[in-house]
Amino acid sequence: MRPALLLTPPLAWFVLVYLTSLVLLLITAFWTIDTFTTQIVQVWNLDNFRIILTEPAYRLIIGRTVGIAALVTVTDAILAFPFAYYMAKVASRRTQTILFAAVLLPLWASYLARVYAWILILNHSGILNWSLQSIGLPAANIGYTNTAMWLVFSYIWLPFMIIPTYAALERVPDSLLEAAADLGARRWRAVLDIVVPLAIPGVVAGSIFTFSLTLGDYITPILVYSNIGIANNVPFAAALAVVPVAIMAVYLLIAKRLGAFEAL
Amino acid sequence: MEGAWTKLALRIWAALILLFLFIPILLIFFYAFNTSNIESWPIAGLTFKWFTATWNDSDVRSALVLSLQAGLAATALALVLGSCAAFAIHRTTFFGRDAVSLLFILPLALPGIITGIALNAFFSFGGVTFSIWTIIVGHATFCIVVVYNNVLARLRRCHSSRRPSWRERCWLSPSPSTR
Amino acid sequence: MAPQTSIGPGEGQLNLVLWDGYADKSWVDPFTAATGCKVSQKPAGSSDEMVSLMKGGGAGQWDMVSASGDADLRLIYGGDVKPMNTALIPDFANFQTYFKAPGYNTINGIHYGISLQWGPNTLLYSTKKFPNAPTSWSTIYDPANKGLLTVPDNPIQIADAALYLSKTQPDLGIKDPYELTQKQFDASVALLKQQRPLIKKYWALATDEITLFQNGDVVAGAAWPFQTIQLKAAGAAVADTIPIEGATGWADTWMLATKAAHPNCAYLWTKWVSTPKVQAMQALSFGETPVNTKACAEMETLSAGSCAQYHADAPGSYFNTIKFWTTPIATCADGSNNCIPYAQWQAAWTTITA
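Residue numbers (our numbering), protein chains in the order written: chain A, 301 to 564; chain B, 112 to 290; chain C, 220 to 573.
Hint data in this document are derived by calculation from the structure and do not stem from the laboratory.
Check the hints yourself; a few may be wrong.
For each label pair, taking beta carbons as the anchor points, the in silico distance ranges come out as [said to hold, decoys possible]:
| no. | chain 1 | residue 1 | chain 2 | residue 2 | range |
| --- | --- | --- | --- | --- | --- |
| 1 | B | Leu137 | C | Ala409 | 46 to 52 Å |
| 2 | C | Lys261 | A | Gln433 | 37 to 43 Å |
| 3 | C | Pro362 | B | Phe162 | 43 to 49 Å |
| 4 | B | Phe133 | C | Thr346 | 38 to 44 Å |
| 5 | A | Leu405 | B | Phe162 | 17 to 23 Å |
| 6 | B | Leu177 | C | Thr346 | 41 to 47 Å |
| 7 | B | Leu157 | C | Lys319 | 50 to 56 Å |
| 8 | B | Thr146 | A | Ile378 | 36 to 42 Å |
| 9 | B | Ile216 | C | Ser555 | 30 to 36 Å |
| 10 | A | Gly367 | B | Ser173 | 39 to 45 Å |
| 11 | C | Lys319 | B | Thr146 | 43 to 49 Å |
SDA-like, lysine to any residue: derived pairs with alpha carbons at most 25 Å apart [what the hints assert, rightly or not]:
| no. | chain 1 | residue 1 | chain 2 | residue 2 |
| --- | --- | --- | --- | --- |
| 12 | C | Lys261 | B | Asp168 |
| 13 | C | Lys261 | B | Thr203 |
| 14 | A | Lys389 | A | Ile378 |
| 15 | C | Lys451 | B | Ser147 |
| 16 | C | Lys348 | A | Ser431 |
| 17 | C | Lys365 | A | Ser431 |
| 18 | C | Lys365 | A | Pro356 |
| 19 | C | Lys261 | B | Ile224 |
| 20 | C | Lys274 | C | Gly298 |
| 21 | C | Lys244 | B | Phe159 |
| 22 | C | Lys490 | C | Gln223 |
| 23 | C | Lys386 | C | Ala533 |
| 24 | C | Lys420 | B | Ile224 |
| 25 | C | Lys394 | C | Phe349 |
| 26 | C | Lys244 | B | Ala164 |
| 27 | C | Lys348 | A | Ala357 |
| 28 | C | Lys261 | B | Trp244 |
| 29 | C | Lys257 | B | Ser147 |
| 30 | C | Lys365 | A | Leu437 |
| 31 | A | Lys389 | B | Phe131 |
| 32 | C | Lys402 | C | Ser385 |
| 33 | C | Lys490 | C | Ala221 |
| 34 | C | Lys451 | B | Ala155 |
| 35 | C | Lys348 | C | Gly322 |
| 36 | C | Lys451 | C | Ser345 |
| 37 | C | Lys261 | B | Asn167 |
| 38 | A | Lys556 | B | Arg268 |
| 39 | C | Lys420 | B | Pro153 |
| 40 | B | Lys160 | C | Gly240 |
Note that the structure is predicted; figures quoted are calculated from it, not measured.
C-beta: ideal position from N, C-alpha, C; glycine also.
From just these sequences and the hints, can you work out the full model?
What follows is the structure, encoded as C-alpha cells:
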C-alpha cells in the first residue's frame with residue numbers, strides 16, 4: 301500500500317501539470333491565430349501541419365536540425381568512449397573519482413557562458429583566427445556557421461555522453477576480459493566483442509541526451525524567436541513542436557530496445 | 112592488463128578531452144579581466160572593473176537572488192517528489208509501470224523548450240500570471256526527473272549487488288545533472 | 220474607454236518595453252529623482268517582439284511600449300494599448316504637425332499614444348573596406364561581399380527590398396513598399412533569398428550588429444544611427460549613409476498598456492521625454508530626430524550642426540521621402556483588397572532566413 305502512497309504526489313504532478321500542458325500544446329497546434337491581432341482563434345483545422353509538410357523551408361530546417369543532432373551524437377560518442385574506457389578500466393580508484401568530478405565541473409559553469417566562450421574563440425578576431433594567422437595560415441571564418449554549431453553542441457553535451465558510457469563500462473566485470481584472454485583472444489578482439497556490446501546501452505543512453513538536447517537548442521530559435529517571440533503564433537509553434545516530439549518518440553523506442561533505459 | 116602503448120594513448124586522449132572541456136571556461140574567466148569590451152584576441156589588458164560594475168548593477172543582483180530562490184525551491188520540491196517516485200517504482204511491479212517510467216523520463220528526453228512552451232500555453236490558458244512560482248514549477252518538473260533517475264539507479268545498485276563491498280557500490284550514481 | 224484627465228501621484232515604479240538606448244541613464248536618473256518613479260527596462264529587438272510582450276494589455280507587467288509604426292495598429296486592434304490624453308502633455312502643442320496625429324497611432328481622432336522620435340534605416344559600412352561611401356543599396360545585395368553582410372532579422376526588411384526594387388526595377392510598379400501585390404511581393408522575397416548566402420548573420424538586437432562590426436565579422440549592413448554612434452564611440456572605423464534609392468524609417472510612439480499598473484508614472488515619463496531638452500539628448504544619444512520642434516535649439520547647444528544633420532528642422536514635405544514602417548494590411552491605398560498582409564510577410568521571412 302505504501303508504494304502507491306509514495307507514487308501519488310509525483311504522479312499527480314506529472315499528470316496534472318506536465319502531461320496536461322503537453323496535451324494542451326498538441327490541441328493548440330490545431331488552432332490558428334487572427335493574424336492581425338495575434339489572438340488565438342479556436343477553430344479546428346490542419347493548416348499548421350499542412351504548411352510544415354509542404355513548405356520546403358521547414359523541411360530544410362528540420363532536416364538540418366536532425367542532421368546536426370545526429371552528427372553531434374556520433375562525435376560525442378567517439379570522443380567519450382576512449383575517455384570513459386580509461387576512467388573505468390585503466391585509471392586508479394582515486395583518478396577515477398577526480399576525473400568524474402572533472403567531467404561534471406563544466407556543467408556548473410553557466411550554459412550561456414560556455415556557449416559565449418566559443419563565440420569568443422571562433423569569431424573573426426578571436427583566438428582561432430589569431431592562432432592560424434600567427435603561423436601563416438588564412439583565417440577560418442567559421443563563426444556563426446553550421447560547423448560552429450556542431451563544435452559548440454559537441455562541446456556542451458560531452459559530459460552527458462561520458463557519464464552513462466562510463467557507468468556502463470564500469471559495470472563490465474574485469475573477469476570477463478580475463479576469461480577472454482585465457483581463451484586466447486587478443487586485447488582489441490576482447491574489447492570489440494565483449495566490452496563494446498555491453499557498453500552499448502550506456503552509449504545509447506548518453507545519445508538520448510545529446511540528440512534531444514541538440515534538437516531542442518537548434519529548434520529553439522525558430523520555435524520561440526520566430527514564432528512566439530516575433531509572430532506570437534503559438535498554434536504554429538505548437539505544430540512545429542510536434543515534430544521534435546515525434547522524432548524523440550521514435551528515438552526513445554529504438555533506445556528502449558537497445559536497453560538504454562536501464563543505463564540511464 | 113592493457114598494453115603500455117594503449118595505456119599511453121588512452122592517457123593522452125583523456126588529457127586532450129580534459130583540455131577541450133576546460134579551455135573555453137578558462138578563456139571566459141580570462142576575458143572577465145579584459146580592459147576592453149571588444150571581444151578580440153589578444154586581450155587588451157587586465158582589470159577588475161567589470162566585477163565591481165556587475166556587482167553594482169542592481170538588476171544583476173536581483174537576478175542572482177531570483178535564481179537562488181527559484182533553484183532552492185525547485186530542488187527541494189524535486190528531492191521530495193523525485194525520491195518518492197523512485198522508491199515507489201523500485202518497490203513494486205504494477206500494471207502500467209513501464210508507462211509511468213516513460214512518463215517520468217519525458218522531461219529529460221524531450222527538448223526542454225517543449226516543456227517550456229507547453230507550460231507557457233498551460234499557464235496562459237489557465238490565466239496564471241507568470242511569476243517566480245511558474246518558474247519554480249517549470250524547473251521542478253525537469254529536476255524531479257534528475258532526482259528520480261539518480262535515486263532509482265542507486266536503489267538498483269544497492270539492491271541487486273551481492274558483493275560484500277555494498278557501501279562502495281552505493282556511492283552516488285553517475286547521472287546527468289541539470290545545466 | 221476615455222483616458223484619464225489628470226496625472227495623480229507617481230506610483231514609484233515604471234516598467235518599459237523599449238528599443239535599446241531609449242532610457243539612457245542621463246535622462247532617466249533626473250526623472251527618477253524628480254518623480255520617484257524607478258524605471259525598469261526591457262529592450263526588444265523588433266516590433267514583433269514588442270507586440271508579443273504587450274499581449275494581454277501588458278499583462279500587468281509592462282506599463283508602456285515605445286512602439287514603431289509597424290507595431291502600432293496591431294497593438295491598438297489587439298486591445299493591448301489604450302488612448303492617451305494629449306492635454307496632459309504640455310509639449311504636445313510644439314510637435315511637428317505630421318507627428319501630432321499620424322495614421323499609425325491616431326484613429327478617428329483618438330490618440331493611442333504620444334509620438335516620440337523618428338529615424339532612418341541606414342547603410343552602415345566599414346571605412347576600411349569602403350574608403351568612399353557606397354552610393355547604392357546594391358552593396359548589401361552584391362555577391363562580392365559574400366559572408367560579410369548583416370541585415371535585421373525582421374520581416375519588415377521585405378519593404379527595404381521592395382524600396383530597392385522600386386528604383387532598380389521600375390516596371391514592377393512598386394509605389395509604396397508596404398503595399399505590395401503578389402507579384403511585387405514575390406520579387407522582393409526573391410531578392411532577399413538571393414541575399415541569404417551573402418549574410419554572415421541576421422542581427423536581432425542592435426548590440427548584435429555592433430559586435431559583428433567590432434569583430435570584423437561584417438563590413439556592411441542595414442542599421443540604425445544608434446549603431447554608428449556606439450561604434451564610433453568605441454573607436455571603430457565605420458560610417459553610415461542613406462543611398463540614392465532612399466530609405467525606410469521608423470517613427471516611434473510611447474503607448475500606454477491597457478493593464479498598466481503605473482499609469483501616473485507613465486504620463487510623467489511621457490511628459491518628461493517630450494520636453495525639448497530630453498528630446499535633444501535622446502536624439503543625439505540614439506541618433507534619431509525629435510518630434511518636438513523646440514528641440515532643434517537644444518540640439519544646437521549640445522552639438523553644433525546636429526539639428527540640420529538630423530533633419531530636426533525639416534519641413535513637412537521631407538517626411539514624405541522616408542518610407543516609415545507601417546503594418547502591411549490586405550487593403551491597398553486604392554481600396555482593393557489584394558495587397559499582402561503582414562502575416563504573409565512573417566511566413567515569407569521564415570522561408571528567407573531558413
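Between Lys261 (chain C) and Gln433 (chain A), does the C-beta distance stay in 37 to 43 Å? 40 Å, holds
Given pair status - Ile224 (chain B), Lys420 (chain C), alpha carbons within 25 Å: 23 Å, holds
Tell me if the straight-line CA distance from Lys451 (chain C) to Ser147 (chain B) falls inside 25 Å. 15 Å, holds
Lys261 (chain C) paired with Thr203 (chain B) [C-alpha distance capped at 25 Å]: 51 Å, violated
Restraint check for Lys257 (chain C) with Ser147 (chain B), where alpha carbons must lie at most 25 Å apart: Judged against 25 Å, a Cα distance of about 30 Å means the pair is violated.
Given hint Gly322 (chain C) paired with Lys348 (chain C) - CA-CA distance at most 25 Å: 41 Å, violated
Could one say that the CB atoms of Thr146 (chain B) and Ile378 (chain A) fall in the range 36 to 42 Å? 40 Å, holds
Between the beta carbons of Gly367 (chain A) and Ser173 (chain B), is the distance compatible with 39 to 45 Å? 41 Å, holds
Lys556 (chain A) and Arg268 (chain B) were given as a pair; does the straight-line alpha-carbon distance stay at or below 25 Å? Satisfied, since the Cα-Cα distance of roughly 20 Å is no more than 25 Å.
Given the proposed pairing of Lys490 (chain C) with Ala221 (chain C), does the C-alpha separation stay at or below 25 Å? 19 Å, holds
So the hint says 43 to 49 Å: do the beta-carbon atoms of Pro362 (chain C) and Phe162 (chain B) match that? 46 Å, holds
For the pair supplied as a hint, Lys348 (chain C) and Ser431 (chain A), confirm whether the alpha-carbon distance does not exceed 25 Å. 23 Å, holds
Violation of the numbered hints given earlier is confined to hints 9, 13, 25, 27, 29 and 35; the remaining hints are satisfied by the structure.
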